[in-house]
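K.L.:
Chain residues, written in single-letter form:
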Amino acid sequence: MALVEVLDGAFAYNKTRIFTNINLSVEQGDIFCLLGPNGCGKTTLIDCILGMHMLDEGKILINGLDAQKFHPGELARYVAYVPQNHERTFPYKVLDIVQMGRAAYTGRFSSPSQQDQDIAAESLAMVGLINLKDRPYTQLSGGEGQLVMLARALAQQTPLIIMDEPTAHLDFKHEMLVLETILDLVKNQNLTVIMATHFPNHAFWFENNGLKTRVALMHEEHFIEVGPPMDVICEKNMRLLYNIDTRLLSFRVNELGEMHQIVPVKTL
Amino acid sequence: MKKKICALIFITAPLLVIFFSLFIGRYPVSVTKVLQVLWSGNTASTGGPPDVLNTLIWQIRMPRAILGAMVGGCLAISGAAFQGLFRNPLVSSGILGVSAGAGFGAALSILIFHSVTAATYVFAFVFGLLAVFLSFLISKVYNSSPTIMLVLGGVIVGSIFSALISFAKYAADPYEELPAIVFWLMGSLANSSYKDILVAGIPMLLGIIGLVLIRWRINVLSMGDREAHALGINLAVDKGLVIICSTLAAAGAVCVSGVIGWVGLVIPHIARMLVGNDNRVLIPTSLSLGACFMVLVDDVGRIITGSEMPLGILTSLIGAPFFIWLLKKTKAGGW
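In the order they appear, the protein sequences are chains A and B. Going by this note's numbering, the first sequence opens with residue 1, and the numbers climb by one from there. Going by this note's numbering, the second sequence opens with residue 1, and the numbers climb by one from there.
Next up, chain A with everything else stripped away, as it sits in the complex (with noise of 0.2 Å):
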């Protein structure tokens, strides 16, 4: 059985009609990506699975079971969130953020308990950053803030994590290393992850690294395909969906073998 699907979601703000006739499924340990021009409807499809939203149509299972009848308690034991842009106002530390990932088990006239305690740290372990434990957070760089929003998801102990373009504003270096920690995260604790993001290399990199990557291209409210990276992300679906012209390029990596990436050449 799929971890969740969205079965015919439909939703307008509004009059103004956002998505309609959107499917899709994806099981345990899947990363599931969503690619599309900004404005096309990815954040709000996001926003429904979490509950933000109610759709105005179809349905959203997780586990098989109705999530938007789901409190927001329940659901936030299914699902996990990392945002694309978190705004830092208090200069909480580090681990007093990750361990916010609990409220969901937390009562809400109290803290968490030692062992919630301990879960979080766990948590930010997990993303190689327990030694940054007791810094205010408002003083990482932006990588390592992505890192502790990962931390704080995992701290939900849920089956799927959301991820708006988690690597947003990250240099190189630390875009590789989220992607990488979400690799091992999927690969090695079974996680399912949902992720929207503005490059499609990224879905390459998960399929080349050994994930079983779905792509879903998302364009004028609907999916135009759903798929594995190689069959979807091609030279003709970039000029439909972005409306630039592309070259696919693959080349040997030792360790990994044939990668594969898509460049982009001029706008049409």
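Just to be clear, a hint being listed does not mean it is correct.
Examples of chain A residues toward chain B, derived with CB under 8 Å [to be verified]:
#: 1; residue: A76
#: 2; residue: K93
#: 3; residue: S111
Please keep in mind that the hints were generated in silico from the structure rather than gathered at the bench. Since this is a predicted model, take the numbers as computed values, not measurements. Quick reminder that beta carbons are idealized off the backbone N, C-alpha and C, glycines included.
Starting from the known structure of chain A, arrange chain B on it as the hints suggest.
P.N.:
The following block gives chain B in isolation, referenced to the frame of chain A:
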């Protein structure tokens, strides 16, 4: 261990400050005399003979110090909670219009009854709550970004009630009612009695207890609506509880003390500098610091001025230099 010592300090500090303030005032009483009076107990309650010193210590200084501590603690704690909830360190306990509403309520009651009476408390409290409720209603008119709309609602309601206060002053009799309104608005703890503590203490205590209990959730709420929701928080319920508790605390405080600025904005910041931003620690610390600060300021006021200088003036005049000194000392605590 270090945590426990800190907790102990923050719990005992307000009690010590209250005790200390029993020795301070215009009427000279020696330390031993005060201790004697304290030891002999409150003669008014035990039906003993009336005695000037006993009345002074037990009926004037004691209730005033206790009420001052509660008012200061409430303003500070509700300011800290609102700052977290609105993710804005510049917010204070008056952000949703509670002070402006209470101010108008008090002014209105003075217009009706011609002086400050028991009705003033009731009017101030009710209009304080009403103002927050109106802010909430305004935020519901447009439903897309509730938190910012709530702040806007507070600004709108605050300005309406400020205008109404001006109107009340304009309409007031300039010899009796106008001074009463002006003095009430400047804030004072003079004439505090145990009755004030009993009546206003109920909403204040309810608010304090609620905020202390829900304090960790304020951390989560300060992540913003979308993230707090994804972390499993029921936004409507938790935000509602924080707003209700903060409003009860602030309205309870304002209705007995008048409008005292500064405490609800700056005491939480001083607490942030001292213990960090985690609301688990920040909320109790703000409570304790607010209580100490208010009682101390009131003591200073009693020492340096013969007449009753309004508290609202002193909180800023004493608080501001202290705040600047602390900014330098703690390097602003990581901001």
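K.L.:
Now look at each hint and say whether the structure bears it out.
P.N.:
Verification of the hints:
{"no.": "1", "hint": "A76", "verdict": "3 Å, holds"}
{"no.": "2", "hint": "K93", "verdict": "7 Å, holds"}
{"no.": "3", "hint": "S111", "verdict": "4 Å, holds"}
No hint from the list above goes unmet by this structure.
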